[in-house]
Amino acid sequence: MEKLYVNGNIHTLDAAAPLVSALAVVDGRIAVIGTEEQARAVLSPAAKPVNLGGRTVTPAFSDTHMHLLSYVGSKREVDLSAVRSVEELIAACRAALAAGQLANGWLTGRAWNQNGWAVPRIPDKHDLDQISQEVPIALSRACYHVVCVNSRACDLLGLGADCDGILREDECSCLSAIETEPTAEELTAMIEEGCADLLKHGIACAHTDDFGDGGSYAPAYNAYRGLAEAGKLPVRIVQQCRFLTPEHMERFLADGHFYGETHGHYRIGEHKLLLDGSLGARTAYMRKPYADDPSTRGIPLFTEESLYALVRVSHAAGFPIAAHAIGDAALDMLLGAVERLQKENPRKDPRHGVIHCQISDMAQLERIARLGMQAYVQPIFVKADQHVTEARVGAELAKTCYAWKTLRALGVPTSGGSDCPVEPFDLLPNLACAVTRIDPSIPGAKPWHPEQCLSVEEALRIFTEGGAYASFEENERGTLSVGKAADFAVLSRDIFTIDPDEIGSTEVEMTVVDGEAAWEK
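Per the working numbering: the sequence shown = residues 1 to 521.
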């Protein structure tokens, strides 16, 4: 298969030829980057050119932290992201109930965030009882670390009359009782739907956490592998393997699975862990009590010993660890575990990493660098979190939080993600937040800690080159270089020359995977 792409404004991120106008593709790999004449020279005369019309081209995007199956499922729930008060939440849910928007007899909703409300309180069962006392209701906060339920749901879940209807972290696990496992056909359809949406946003690779909490990985694994082996998985999927106990991990290994196991576009990736909750819900695990609520330090989901007992299994098996750690105490726990692993069982270039890396001091950032770890960051989070961070953790600590520029200066490999469905996986607004550090909904907003702003190229690299590095594939993709996979996105504007405030509204017009247009507007 030969392809010739010409008349483009192609930002390769390859230092040898950073800006070219044409590229040639042979069997899904880039054969030449340069001029049209140079590209034609390696192709047969029959190769027909694709005219890019002067549009901007970048390497295709990677999202290194998301939940693809949860995203597809969330599309069926009541979207509460736009509500601005408990009253608006109640009204939106009443409307959905009247429209019959139920699943298994439940009304489920998502994405409310009390931090943006005039009265920033978490809804309880008495609020939700105003929607219905007959239909059970469960509404997930934007972070998915808090779920509020009504009295009927409390009764069905056996929570007791003293439950206020606010479930945090592990308390939410009781909701698994209302979930129905999708069939193999339904899982396949969900993956296809999710991948089609990813391609519309220029995403050719997604690191996704789809195994769930119970250790039953086979349904998702089989669905992805089946599509990949049939040549019907259009997006490269790196499966983040979330196992909560050593026994679950050991069973997975005993079944013959290993890090880097690859079937077409499906690849077994890092061992995913959740060490704490979220900042917005005050469940992120902190060294000190929250400045705006001294009654809590958040919720740790492991002890130091239970964490070590789990990760020593995956470390010994060659898996990188990718651990959600938002609070500084959770980060301490992770750093201590990684340091202990490397001391007792040294591995060359293990690439263990911290997901989010939000609340941190300078000593912790330097320790991440010394340990050779990587960071999976979500720049889009700063849009909302800048309004609460200083109140939560204090002004002094906030100076070294969400410290993307510092991470890069320390040499910490950094990749970007969305945590979808927590945030949409439209990565251009996400990239824009890395560059501007503003809340675009506020006219005339100033950057929050502008010393941590990234350049456009730095921001683009975390969503391309950084994503490839995160799965040991930096020699395979991430830049438009000779010999690498021909994965790229065609954009409506040149993000390198427009006003940074316009980056977020730039559109993807074509996504190319293995040299072929996988989606076109």
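Be aware that one or more of the hints could be misleading.
Using 30 Å as the maximum straight-line C-alpha spacing, the simulated DSS-like pairs for lysine-lysine come out as follows [to be verified]:
{"#": "1", "residue 1": "K48", "residue 2": "K125"}
{"#": "2", "residue 1": "K232", "residue 2": "K200"}
{"#": "3", "residue 1": "K200", "residue 2": "K405"}
{"#": "4", "residue 1": "K288", "residue 2": "K75"}
{"#": "5", "residue 1": "K200", "residue 2": "K288"}
{"#": "6", "residue 1": "K343", "residue 2": "K405"}
{"#": "7", "residue 1": "K348", "residue 2": "K288"}
{"#": "8", "residue 1": "K75", "residue 2": "K200"}
{"#": "9", "residue 1": "K343", "residue 2": "K288"}
{"#": "10", "residue 1": "K405", "residue 2": "K288"}
{"#": "11", "residue 1": "K521", "residue 2": "K200"}
{"#": "12", "residue 1": "K232", "residue 2": "K446"}
{"#": "13", "residue 1": "K348", "residue 2": "K48"}
{"#": "14", "residue 1": "K75", "residue 2": "K521"}
{"#": "15", "residue 1": "K200", "residue 2": "K48"}
{"#": "16", "residue 1": "K405", "residue 2": "K348"}
{"#": "17", "residue 1": "K48", "residue 2": "K521"}
{"#": "18", "residue 1": "K446", "residue 2": "K405"}
It should be emphasised that the hints constitute simulated quantities derived from the structure, not laboratory data.
Item to check | Agreement of K343 and K405 with the hint, judged by alpha carbon distance not exceeding 30 Å | outcome: Status holds; Cα separation ~29 Å.
Next on the checklist: Next pair to validate is K75 with K521; report whether the Cα-Cα distance is within 30 Å.
Outcome noted: holds, 22 Å
Next on the checklist: Checking one constraint from the list: CA of K405 to CA of K288, max 30 Å. Satisfied?
Outcome noted: holds, 25 Å
Checklist entry - CA of K521 to CA of K200, is that 30 Å or under? => result holds, 8 Å
Checklist entry - Taking 30 Å as the top limit, are the C-alpha atoms of K348 and K48 close enough? => result violated, 46 Å
Item to check | 30 Å Cα cutoff - pair K232, K446 | outcome: The given pair, whose Cα atoms are some 45 Å apart, is violated under the 30 Å limit.
Checklist entry - Quick one, are K48 and K125 close enough, alpha carbons at most 30 Å? => result With Cα atoms ~63 Å apart, K48 and K125 exceed 30 Å; violated.
Checklist entry - Does K200 lie within 30 Å of K75 when you go C-alpha to C-alpha? => result The hint holds at about 16 Å.
Item to check | Straight-line alpha-carbon gap K48 to K521, limit 30 Å | outcome: Holds, because 21 Å separates the two Cα atoms, which is no more than 30 Å.
Next on the checklist: For K343 and K288, compute the direct alpha-carbon distance and say whether it is at most 30 Å.
Outcome noted: Within the cut-off at roughly 28 Å; holds.
Item to check | Agreement of K446 and K405 with the hint, judged by alpha carbon distance not exceeding 30 Å | outcome: holds, 17 Å
Item to check | Restraint status (C-alpha distance of K200 to K405 at most 30 Å) | outcome: This hinted pair holds, its Cα atoms lying about 29 Å apart.
Hints 1, 4, 5, 7, 12 and 13 from the earlier list are contradicted by this structure; the remaining hints agree with it.
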